[in-house]
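**Q** In case you want the letters, here they are:
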Amino acid sequence: MATKDKLISHVLKEQPVGSRNKVTVVGVGMVGMATAMSVLLKDLCDELALVDVMEDKLKGEAMDLQHGSFFLKTHKIVADKDYSVTANSRVVVVTAGARQQEGESRLNLVQRNVNIFKFIIPNIVKYSPNCILMIVSNPVDILTYVAWKLSGFPRHRVIGSGTNLDTARFRHLMGEKLHLHPSSCHGWIIGEHGDSSVPVWSGVNVAGVSLQTLNPNMGAEGDGEDWKAVHKQVVDGAYEVIRLKGYTSWAIGMSVADLVASIVKNMHKVHPVSTLVQGMYGVKDEVFLSIPCVLGNTGLTDVINMTLKPEEEKQLMKSAETLWGVQKELTL
Amino acid sequence: MSSVLQKLISPLPGTSTEPPRNKVTVVGVGQVGMACAISILLRDLCDELALVDVMEDRLKGEVMDLQHGSLFLKTSKIVADKDYAVTANSRLVVVTAGVRQQEGESRLNLVQRNVNVFKSIIPQIIKYSPQCTLIVVSNPGKYHIWSGRGKASCVTCWCCKPFTVDILTYVTWKLSGLPKHRVIGSGTNLDSARFRFMMAERLGIHASSFNGWVLGEHGDTSVPVWSGANVAGVNLQKLNAEIGTDADKEQWNATHKAVVDSAYEVIKLKGYTNWAIGLSVADLTESIVKNMSRVHPVSTMVKGMHGIGEEVFLSLPCVLNNGGVSSVINVTLTEAEVAQLKKSADTLWGIQKGLKDV
Numbered sequence: 001m002a003t004k005d006k007l008i009s010h011v012l013k014e015q016p017v018g019s020r021n022k023v024t025v026v027g028v029g030m031v032g033m034a035t036a037m038s039v040l041l042k043d044l045c046d047e048l049a050l051v052d053v054m055e056d057k058l059k060g061e062a063m064d065l066q067h068g069s070f071f072l073k074t075h076k077i078v079a080d081k082d083y084s085v086t087a088n089s090r091v092v093v094v095t096a097g098a099r100q101q102e103g104e105s106r107l108n109l110v111q112r113n114v115n116i117f118k119f120i121i122p123n124i125v126k127y128s129p130n131c132i133l134m135i136v137s138n139p140v141d142i143l144t145y146v147a148w149k150l151s152g153f154p155r156h157r158v159i160g161s162g163t164n165l166d167t168a169r170f171r172h173l174m175g176e177k178l179h180l181h182p183s184s185c186h187g188w189i190i191g192e193h194g195d196s197s198v199p200v201w202s203g204v205n206v207a208g209v210s211l212q213t214l215n216p217n218m219g220a221e222g223d224g225e226d227w228k229a230v231h232k233q234v235v236d237g238a239y240e241v242i243r244l245k246g247y248t249s250w251a252i253g254m255s256v257a258d259l260v261a262s263i264v265k266n267m268h269k270v271h272p273v274s275t276l277v278q279g280m281y282g283v284k285d286e287v288f289l290s291i292p293c294v295l296g297n298t299g300l301t302d303v304i305n306m307t308l309k310p311e312e313e314k315q316l317m318k319s320a321e322t323l324w325g326v327q328k329e330l331t332l
Numbered sequence: 333m334s335s336v337l338q339k340l341i342s343p344l345p346g347t348s349t350e351p352p353r354n355k356v357t358v359v360g361v362g363q364v365g366m367a368c369a370i371s372i373l374l375r376d377l378c379d380e381l382a383l384v385d386v387m388e389d390r391l392k393g394e395v396m397d398l399q400h401g402s403l404f405l406k407t408s409k410i411v412a413d414k415d416y417a418v419t420a421n422s423r424l425v426v427v428t429a430g431v432r433q434q435e436g437e438s439r440l441n442l443v444q445r446n447v448n449v450f451k452s453i454i455p456q457i458i459k460y461s462p463q464c465t466l467i468v469v470s471n472p473g474k475y476h477i478w479s480g481r482g483k484a485s486c487v488t489c490w491c492c493k494p495f496t497v498d499i500l501t502y503v504t505w506k507l508s509g510l511p512k513h514r515v516i517g518s519g520t521n522l523d524s525a526r527f528r529f530m531m532a533e534r535l536g537i538h539a540s541s542f543n544g545w546v547l548g549e550h551g552d553t554s555v556p557v558w559s560g561a562n563v564a565g566v567n568l569q570k571l572n573a574e575i576g577t578d579a580d581k582e583q584w585n586a587t588h589k590a591v592v593d594s595a596y597e598v599i600k601l602k603g604y605t606n607w608a609i610g611l612s613v614a615d616l617t618e619s620i621v622k623n624m625s626r627v628h629p630v631s632t633m634v635k636g637m638h639g640i641g642e643e644v645f646l647s648l649p650c651v652l653n654n655g656g657v658s659s660v661i662n663v664t665l666t667e668a669e670v671a672q673l674k675k676s677a678d679t680l681w682g683i684q685k686g687l688k689d690v
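Residue numbers (my numbering), protein chains in the order written: chain A, 1 to 332; chain B, 333 to 690.
Do not take every clue at face value.
[Unchecked claim] Residues of chain A clear of chain B, computed beta-carbon distances all greater than 10 Å: (1) Lys4; (2) Lys6; (3) Glu14; (4) Met33; (5) Val53; (6) Asn88; (7) Ser105; (8) Asn108; (9) Lys126; (10) Asn266; (11) Thr301; (12) Lys309; (13) Met317; (14) Glu321.
[As the list claims (entries may be wrong)] Among chain A residues calculated to face chain B with C-beta under 7 Å, some are: (15) Thr3; (16) Asp5; (17) Leu41; (18) Lys59; (19) Asp64; (20) Leu65; (21) Arg169; (22) Thr248; (23) Trp250; (24) Gly279; (25) Gly282; (26) Lys284.
For the record, the hints were derived by calculation from the structure and aren't laboratory data.
Keep in mind that this is a model prediction, so the values were computed, not measured.
Even for Gly, the Cβ is constructed at its ideal location relative to N, Cα and C.
Next up, chain A with everything else stripped away, as it sits in the complex (with noise of 0.2 Å):
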């Protein structure tokens, strides 16, 4: 007799029930990998799944995060080039594609990553037909459009990360200048995931108090302490780091991972997210901008309604405008 059977007796008599909270991540470059490991450290998922299309590579990634199960949550780690081992997943996070080089904008990654998509949006539909899909890859709001469309997925199921990683970093920007942890310095950044996001200044606060009652000025070019130079800081920050060290991984991996958690826990919890805002803030197109949505475990149930100053509504009129300029010219 085997020395497992000598020591285990199985007593279940059904067939097993399959993984309930399955997370998929397209991709194992650096974002992927950041994202797996931020979704694995917070416990997020009872299986991963890995999906590329470099099978070495994939291979030599899955097996490194599997010699590290002893120190997880996580009992099922799995990776394929071929998508049925991205079956029955709830959430499937898109990081695949280009990604920019030194200097390099967003947008000019787009036909590149969709002639990718359309090989990719098919596949996770076909064996997870009820997820929820979640794109990273760059530029991601032009691309969450891509993906809703070759998908077929109603829109509250095709979520951009957009400008989630933008607030972070603003947050992350306004606790050093109060000396303050971000998570309570309070500001959003909407719209465009990339060089025409829009600060809501009007929403920045701490405990309720609006730092725009305290200066006037905050934000506009007689801002005596330069607030502007903050949101400019946000644009630069992964152009920076991309010159720094070649590519960014670890802040859109944990924000991703934050993305995932409200979505699996069913937190209904407001992200600034990429979405459909055709028929808001003046939109007449089909177009993918960041603003506050709620998300939970059917995915992005509810928009905040912001109260906008015509500035920034003209701002966010102008993103839309230049994103729809590019989509238009897409051949899906």
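Since the structure of chain A is already known, use the hints to place chain B on it.
**A** Relative to chain A, chain B alone:
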């Protein structure tokens, strides 16, 4: 005109900033160093994290990337500099720096080069954190004597000799002047974790429910202690007397071999390993920083144990708490297992006694 900060916040008189209580420094921001850093951060183990490296741009980029995620963390101070002053007052310093074998480089040269790197690192660490505990993770790996090929191709070559973390832990201990209980090598902590994962997979249970220890020298000559392997206290050797031997029909020793080969496999596939070692270092960090007195297989100074007469570092089950290694568990080993440990000790001492300026 007073700033937003002054209008918003009124500091209370008499308060001052306290030094950090649980500061961790990671030396080296390569893949291993950063995996250690992110694992430590995501487990909320320190109130300050410092990173040091000689590559200034890479260092700055990595620290910025971590700081941008500070909203999601509970470590409010993440700092970095190539100047070791940034590491002052660390409770724990994790050393991941080191150099790998160059094409055609001899063993002696590789060892001595690493000693030289450590000579520039260790005294600086001690200067700024004289009370710290050091965890040495650096593991330059195998070197090939004949043609200078790097470790990926040296899986089965007879002429390859390991050059491992155990030697660098000895070097660190000598250069630091610290008492031996405060210098720890990551040793077989990861080997044991891999062993537990692979054995547990064969049994269909979680790695933490399979108890098995891999001890001794990190790498090819590590020792799986089959006599201790158990699940829920049920000793596997009692169920299968041949377990771990070549006579075993179920070939359980193939699992230990898989553990030994696994690092090379991962390196061949993705170029390096980092996640598993990062997680294992965070596990050690937790025991030390939280004063837990948990037992881990880590590399410690074993002179006087199991008949070993030289000052070498090998992995044994050690009790880790805020003092470092507070005690060592007296493992009952078979004659063959003790012989393996002694052989490792001799090999290590053979290399160590030839080192200059240590």
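**Q** Now tell me if each hint is right for this structure.
**A** Hints versus structure:
no., hint, result
1, Lys4, "6 Å, violated"
2, Lys6, "4 Å, violated"
3, Glu14, "16 Å, holds"
4, Met33, "7 Å, violated"
5, Val53, "14 Å, holds"
6, Asn88, "21 Å, holds"
7, Ser105, "19 Å, holds"
8, Asn108, "21 Å, holds"
9, Lys126, "27 Å, holds"
10, Asn266, "19 Å, holds"
11, Thr301, "22 Å, holds"
12, Lys309, "19 Å, holds"
13, Met317, "28 Å, holds"
14, Glu321, "29 Å, holds"
15, Thr3, "4 Å, holds"
16, Asp5, "9 Å, violated"
17, Leu41, "4 Å, holds"
18, Lys59, "5 Å, holds"
19, Asp64, "4 Å, holds"
20, Leu65, "5 Å, holds"
21, Arg169, "5 Å, holds"
22, Thr248, "5 Å, holds"
23, Trp250, "4 Å, holds"
24, Gly279, "31 Å, violated"
25, Gly282, "30 Å, violated"
26, Lys284, "34 Å, violated"
Going down the numbered hints, you'll see the structure goes against 1, 2, 4, 16, 24, 25 and 26, while the others check out.
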